[in-house]
Structure formats: C-alpha cells, structure tokens
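Given chain R, work out where chain E should sit, using these hints.
As you go down the protein sequences, you meet chains R and E in turn.
Mapping of the first sequence onto our numbering: position 99 corresponds to residue 99, and the numbering continues sequentially without gaps.
Count along the second sequence from 1, add 113, and you get the number used in our numbering.
Rather than coming from a laboratory, the hints here were simulated on the basis of the structure.
Just so you know, these numbers come straight off a predicted model, no measurement behind them.
Glycine included, C-beta positions come from ideal geometry on N, C-alpha and C.
Keep in mind that a hint or two might mislead.
From chain R, some residues computed to sit far from chain E (all C-beta separations above 12 angstroms) [to be verified]:
1) V11
2) N24
3) N41
4) T72
5) K112
Below, in silico cross-link-like pairs of lysine-lysine (DSSO-like), each with a Cα-Cα straight-line distance of 30 angstroms or less [what the hints assert, rightly or not]:
6) R:K49 to R:K69
7) R:K58 to R:K68
8) R:K49 to E:K170
9) E:K170 to R:K95
10) R:K68 to R:K95
11) R:K49 to R:K68
12) R:K95 to E:K124
13) E:K170 to E:K191
14) R:K58 to R:K112
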Amino acid sequence: AQSVTQLGSHVSVSEGALVLLRCNYSSSVPPYLFWYVQYPNQGLQLLLKYTTGATLVKGINGFEAEFKKSETSFHLTKPSAHMSDAAEYFCAVIKAAGNKLTFGGGTRVLVKP
Amino acid sequence: GAGVSQSPRYKVAKRGQDVALRCDPISGHVSLFWYQQALGQGPEFLTYFQNEAQLDKSGLPSDRFFAERPEGSVSTLKIQRTQQEDSAVYLCASSLGRDPYEQYFGPGTRLTVT
Numbered sequence: 001a002q003s004v005t006q007l008g009s010h011v012s013v014s015e016g017a018l019v020l021l022r023c024n025y026s027s028s029v030p031p032y033l034f035w036y037v038q039y040p041n042q043g044l045q046l047l048l049k050y051t052t053g054a055t056l057v058k059g060i061n062g063f064e065a066e067f068k069k070s071e072t073s074f075h076l077t078k079p080s081a082h083m084s085d086a087a088e089y090f091c092a093v094i095k096a097a098g099n100k101l102t103f104g105g106g107t108r109v110l111v112k113p
Numbered sequence: 114g115a116g117v118s119q120s121p122r123y124k125v126a127k128r129g130q131d132v133a134l135r136c137d138p139i140s141g142h143v144s145l146f147w148y149q150q151a152l153g154q155g156p157e158f159l160t161y162f163q164n165e166a167q168l169d170k171s172g173l174p175s176d177r178f179f180a181e182r183p184e185g186s187v188s189t190l191k192i193q194r195t196q197q198e199d200s201a202v203y204l205c206a207s208s209l210g211r212d213p214y215e216q217y218f219g220p221g222t223r224l225t226v227t
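The shape of chain R in the complex, shown without the other chains (with noise of 0.2 angstroms):
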C-alpha cells in the first residue's frame, strides 16, 4: 500500500520569504506526484505534477517541486510567498498505470504580512 506524509500540518511564512513543504511518499515504485492546492470552500486545484522526464517541475503561481527518487520525496517550494498563497496544499501520489490519488494530510500555509 502506498502512503504519503507531509511533514508538518501547520507552516507560517512571512510575506516575501521562501516556501517549503515537505512530502514523503512510499512506494515500491516510483508513482506519479501531484501537489494540489485547496483555498477555503473550493476544491483542489492542481499546482503541478511528475509523471516522467524532468525531475524539476514548474507549475503555476510560482511554484516547483523536485522528484528525488532516492529519498522518495517531492518537496514544493516557491522562491518569496505571497499573501494570496495562504491556503491548505496536498501531496499526492498515483501509482504508475493506477487511477486514484492517494493524499497526504495536507499543510495549511499562513502567510504573514
């Protein structure tokens, strides 16, 4: 069975200063990674996603994240937070050739004026 830990339920950033959030999966085979975003009252949005070939992925509102196969993880970041980034993110994983999302526990981002 796969699952999937982000670390930390909570992170406070300031305004302008990096974002980081961790995701950790386990897997006996690479699956394919997705971090959705989840503002209040809204469904998920996917940020990006890694299915092959790049192991840097760019995704919307600034964002990235880095497959590292060797520490089955897939870390989010973006470079300077902003106040419109105050949401709740989700890591996810596919297994290769599956169909359902198996979710992390999700980080909920208060970013600070």
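Chain E only, in chain R's frame:
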C-alpha cells in the same frame, strides 16, 4: 461546462436519512472519481468510473454507500441511513481518460449529519 460541478454544495441530514449527491463532470471526460474529505484531513478515494462502468469501489466505507453513472456522464453518490461519521466533504473529480493522472476537482458537497 467550464468545470466539474456538484450539487448541493451543502447538505444537512438527520441521522438515518438517505442523501443523494450529484456530480456533473467536464464534458467529454471519460473517468470520474469520488473522494471523501473528513475535517482536517486529506481526501480519501471512494470509487472510480470509466464511462458507465464502475471499475473500482474499494474505498466505499460500507454497503450504505452506493454510486452510479448510468449514462457515462452525470454521477450520483447515495448514502443510505446516514450516520454522524458520514459528515465530510464529498469531492468529485473527472479526467479525460487519455491522461488519467490529471484529475479536475469540483467544489465538493459538505454533508453534515445531525
């Protein structure tokens, strides 16, 4: 449509009542998924359709939960004899099927069982 829509957005049910939650996927999307998101947690998979065929229902928590997609487009998730532990946000997602790994989510239905 522009995106996945779900109705109702909010539902309050008394314990023991039956509820039906509707999902309208993006037009042309072959695959449809239901997830359950409890308060403060990540979504958990419930079931998956490809067209009208329900290919995976391994996540349905009990036989009180039933989902259908009779014509391969709109889907309904039905919960019979609701219990308090059923209180959650129910998310629907759809995908093209050619790239099943990119799922587009609706806004969810928040179910509260009192």
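Against the structure, test the hints numbered earlier, and report the numbers of the ones violated in rising order.
3 and 12
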